[in-house]
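Visitor: Dock chain B against the given chain A, drawing on the hints supplied.
Quick mapping for you: the protein sequence lines, in order, are chains A and B.
Letter by letter, the first sequence follows residues 8 to 372 of the working numbering.
Letter by letter, the second sequence follows residues 448 to 900 of the working numbering.
Careful, some of the hints might be misleading.
Claimed, not checked - Keeping only pairs whose Cα atoms sit at most 27 Å apart, straight-line, the calculated DSS-like set for lysine-lysine is:
1. B/Lys-676 to B/Lys-608
2. B/Lys-879 to B/Lys-860
3. A/Lys-84 to A/Lys-132
4. B/Lys-860 to A/Lys-137
5. B/Lys-782 to A/Lys-132
6. B/Lys-879 to B/Lys-592
7. B/Lys-782 to B/Lys-833
8. B/Lys-474 to B/Lys-499
9. B/Lys-782 to A/Lys-137
For the record, the hints were derived by calculation from the structure and aren't laboratory data.
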Amino acid sequence: MPVKSATVPRPSQEPSAKPALKNTRVVPVQPGTPANGAPDATTWSPGSVLSVTSLTPETVSEILTLATELEQEDPLKRAARLAKRKIALLFYESSTRTRTSFELAAKGLGADTTLVSSLSSSIEKGETLKDTGLTLRALGAEAIILRHPSSGAPWLLERETRLPVLNAGDGMHEHPSQALLDLRTMLHHLRPGTTTVAADTLTGVTVAITGDILHSRVARSNMLLLPRLGARVILCGPPPLLPELAAGLPGIEIERDFPRALAQAQIVMMLRIQAERLAGLQLDLEQYKANYQLTEALLAAHAPQAILLHPGPIIRGLELTGEVADGPQSRILEQVHNGVAIRMALVYRALTLPALPLLEKAVRA
Amino acid sequence: MSNLLIRNGHLIDPAVGIDAPKDILLKDGRVSEISAPGKLKPAPDTEIIDAKGLTVAPGLIDIHVHLREPGQGYKETIASGTAAAAAGGFTSVAAMPNTVPTNDSPEITRWMQAAERGASVRVFPIGAATRALKGEILNDYAALKAAGAVAVTDDGHPILKDSIMREVLINATRCGLSVIQHAEDTRMTQGASMNAGALAFRLGLRGMPPEAEYSLVERDIRLLAELSKDKGGSGKAGARDKNGAVPHLHVAHTSTAQAVAAVRQARRNGLRVTCEVAPHHFLLTEEHVGAYNTNAKMNPPLRSAADRDAMIEGILDGVVDAIATDHAPHASHEKEVEFERAPNGITGLESALGLSLRWLHREWKLPLSRVLSLLSAQPASLLNLKGRGTLTVGSYADVVVFDPKAEWIFNAKDSKSKSRNTPFDGWTMQGKVHYTISEGRVVYRAVALKKAK
Numbered sequence: 008m009p010v011k012s013a014t015v016p017r018p019s020q021e022p023s024a025k026p027a028l029k030n031t032r033v034v035p036v037q038p039g040t041p042a043n044g045a046p047d048a049t050t051w052s053p054g055s056v057l058s059v060t061s062l063t064p065e066t067v068s069e070i071l072t073l074a075t076e077l078e079q080e081d082p083l084k085r086a087a088r089l090a091k092r093k094i095a096l097l098f099y100e101s102s103t104r105t106r107t108s109f110e111l112a113a114k115g116l117g118a119d120t121t122l123v124s125s126l127s128s129s130i131e132k133g134e135t136l137k138d139t140g141l142t143l144r145a146l147g148a149e150a151i152i153l154r155h156p157s158s159g160a161p162w163l164l165e166r167e168t169r170l171p172v173l174n175a176g177d178g179m180h181e182h183p184s185q186a187l188l189d190l191r192t193m194l195h196h197l198r199p200g201t202t203t204v205a206a207d208t209l210t211g212v213t214v215a216i217t218g219d220i221l222h223s224r225v226a227r228s229n230m231l232l233l234p235r236l237g238a239r240v241i242l243c244g245p246p247p248l249l250p251e252l253a254a255g256l257p258g259i260e261i262e263r264d265f266p267r268a269l270a271q272a273q274i275v276m277m278l279r280i281q282a283e284r285l286a287g288l289q290l291d292l293e294q295y296k297a298n299y300q301l302t303e304a305l306l307a308a309h310a311p312q313a314i315l316l317h318p319g320p321i322i323r324g325l326e327l328t329g330e331v332a333d334g335p336q337s338r339i340l341e342q343v344h345n346g347v348a349i350r351m352a353l354v355y356r357a358l359t360l361p362a363l364p365l366l367e368k369a370v371r372a
Numbered sequence: 448m449s450n451l452l453i454r455n456g457h458l459i460d461p462a463v464g465i466d467a468p469k470d471i472l473l474k475d476g477r478v479s480e481i482s483a484p485g486k487l488k489p490a491p492d493t494e495i496i497d498a499k500g501l502t503v504a505p506g507l508i509d510i511h512v513h514l515r516e517p518g519q520g521y522k523e524t525i526a527s528g529t530a531a532a533a534a535g536g537f538t539s540v541a542a543m544p545n546t547v548p549t550n551d552s553p554e555i556t557r558w559m560q561a562a563e564r565g566a567s568v569r570v571f572p573i574g575a576a577t578r579a580l581k582g583e584i585l586n587d588y589a590a591l592k593a594a595g596a597v598a599v600t601d602d603g604h605p606i607l608k609d610s611i612m613r614e615v616l617i618n619a620t621r622c623g624l625s626v627i628q629h630a631e632d633t634r635m636t637q638g639a640s641m642n643a644g645a646l647a648f649r650l651g652l653r654g655m656p657p658e659a660e661y662s663l664v665e666r667d668i669r670l671l672a673e674l675s676k677d678k679g680g681s682g683k684a685g686a687r688d689k690n691g692a693v694p695h696l697h698v699a700h701t702s703t704a705q706a707v708a709a710v711r712q713a714r715r716n717g718l719r720v721t722c723e724v725a726p727h728h729f730l731l732t733e734e735h736v737g738a739y740n741t742n743a744k745m746n747p748p749l750r751s752a753a754d755r756d757a758m759i760e761g762i763l764d765g766v767v768d769a770i771a772t773d774h775a776p777h778a779s780h781e782k783e784v785e786f787e788r789a790p791n792g793i794t795g796l797e798s799a800l801g802l803s804l805r806w807l808h809r810e811w812k813l814p815l816s817r818v819l820s821l822l823s824a825q826p827a828s829l830l831n832l833k834g835r836g837t838l839t840v841g842s843y844a845d846v847v848v849f850d851p852k853a854e855w856i857f858n859a860k861d862s863k864s865k866s867r868n869t870p871f872d873g874w875t876m877q878g879k880v881h882y883t884i885s886e887g888r889v890v891y892r893a894v895a896l897k898k899a900k
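Bound conformation, chain A alone (with noise of 0.2 Å):
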């Protein structure tokens, strides 16, 4: 399929006027990406979930109603449902919680998993991307749940492999799960019983993430996704941390007053700060703690009423206190217990989805 021309409006016909080409158009881009908005939303698998933009508030729905029905359901014959098919989990990072509660997911759905993780595989002799993703699937993998230090590594595996490909965390990307967990329980506080959202679910509420923002996939995923569902979404920190820029994202606010932040909140969102993507960014802990660190104090004077959400690990004494992560506003153990619930749903969904027809000229040589 050849490119549309797209008409870059003409310069000025003018000989003395400079070229009037101020907001043109963008060229079209080759086939099988959308010029504008969402440009990761394209998947070629409708079970993969790669990034929440490609997510409708119909297939957030689905998701949600779904986990609830799996989570309630005898687990015998949930167990049933996907009975020894084969799923993989291929982990370049570390992680507890995610990647634990995706293999109690697809156990709990009855398929079978297998682990793969950069340390004690073939990763470790400089296997690539592409044939870790073709060895698991010749190995009879029908989908991957992915986890990659790389933004944007789940698209390379999705296309390489034509798997269903669950996004387990890219990068500084995305965690569309997480976000996805998150949500549900949002909404357990907020709107009880509802496993059914729309754009304006979420009007009126507003969800304060706080912390490392720059180089959290839990914050871009949660970004994404809530304003889509009427969230107002106020993002807290200090200008390394979090640029200005974040703010061009719709629904985005910027509050670098952590207090000022907290008092409009119904939902507190901490996040860690993440060392290991620092690249050489100096940070005075001592000040950030002074100026970022949620304590009972806060809680109490500007947020008494709100939940305090967390993804995980938390670092106690760092972005929060003990006190704080134990309290009774915390639902940080039951944002863990959701990650089951969500996780089966997208497992589910991977492996009973039918496969599109390929685009023809999309498919690469």
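Guide: For chain B alone, kept in the frame of chain A given last:
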């Protein structure tokens, strides 16, 4: 050497302002005669090309290509890269020195031009400005020039230190060589893989800020201004070659609005600063990174729409002196990796003319002769390639014969390059090359025509 008569074509020679139906006779590798249609009586052994309905122009000149030899023949060889050049209408290419080993020496410079390399078109090596492109120790420019180098650069790397850049400019000028700068302040681009901005933030990729480019261009212009001053009362010697020419700075692959603005201002101030723009920078924006498409990863990166528009404006208003492809072949296995790990660069020799005509000429109404000038006369003049970029009698018989109206689809798999890393696969091109003639030899002939014979 046999003679070649191209007749019934429309000759455009921007260097001398010819834009008219002419027949042209090539003899012994040179342009022998130009005449009104039907006037030339060829000798019996003359090969005749019927160029009815076609444009005849000076062979195109790309002053920025990576031919990957010596050392990386799996990406490209001088033979394959110049075959791609010929297919794209190019008859001269200037080869960057970031080879393995680096082109630091007259030996490598000569090796690249040797007949055994099997080049289809003329290769002009560009020497490394500093040893191993490290920006520390200057190479021997006189020796490089004597071996055939036409300029010096550390392309792929900047010359960061002020003192070194000053020395490079002085020494190059004394030898009559231009200095080509890869303007990137690498202190601002560590670990970055696309343009800095909201989209990079959104995609979780570290960004290269526009300042990294334009701050270095501005720094270079300041140095150039100092060195271009006359030897005045200050007692400080300006840099001059033996004919009194001032230093020439050429900015490679310009990608930011501010860099073009800086060049425009410097030219108004009378400095010898030129710049080139690659087709991807006047056509694509950072949006084309899309779903982490490694064929949209290059250095400098694709920038914002405003920057892209500034490239077009610069081309239209004349501040841009050349279209250069930055042809940078990479093997498929090198590009089929995580975006952040993929090497920078895309191929460009076979799509440059087609994209320039489709967009600069048809869409943005740049006259055909201006487009051709940016692809031949101007690059020849800025690297002082004598007898190239024009078809006046006595010039090298470097000719491209093409159909300026024909549309065609560019398929990367049909490329003559060893590599396929292009974001323009499947794009509509305008202007089909029928013949490319290098120093009197037909080095490319469109396939369909061959069959018709």
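Visitor: If a hint holds in the structure, say so; if it doesn't, say that too.
Guide: Verification of the hints:
1. B/Lys-676 to B/Lys-608: With Cα atoms ~21 Å apart, B/Lys-676 and B/Lys-608 stay inside 27 Å; holds.
2. B/Lys-879 to B/Lys-860: holds, 17 Å
3. A/Lys-84 to A/Lys-132: violated, 41 Å
4. B/Lys-860 to A/Lys-137: With Cα atoms ~21 Å apart, B/Lys-860 and A/Lys-137 stay inside 27 Å; holds.
5. B/Lys-782 to A/Lys-132: holds, 19 Å
6. B/Lys-879 to B/Lys-592: It is violated: about 36 Å lies between the C-alpha atoms, which goes past 27 Å.
7. B/Lys-782 to B/Lys-833: violated, 38 Å
8. B/Lys-474 to B/Lys-499: holds, 21 Å
9. B/Lys-782 to A/Lys-137: holds, 11 Å
Of the numbered hints stated above, those contradicted by the structure are hints 3, 6, 7, listed in ascending order.
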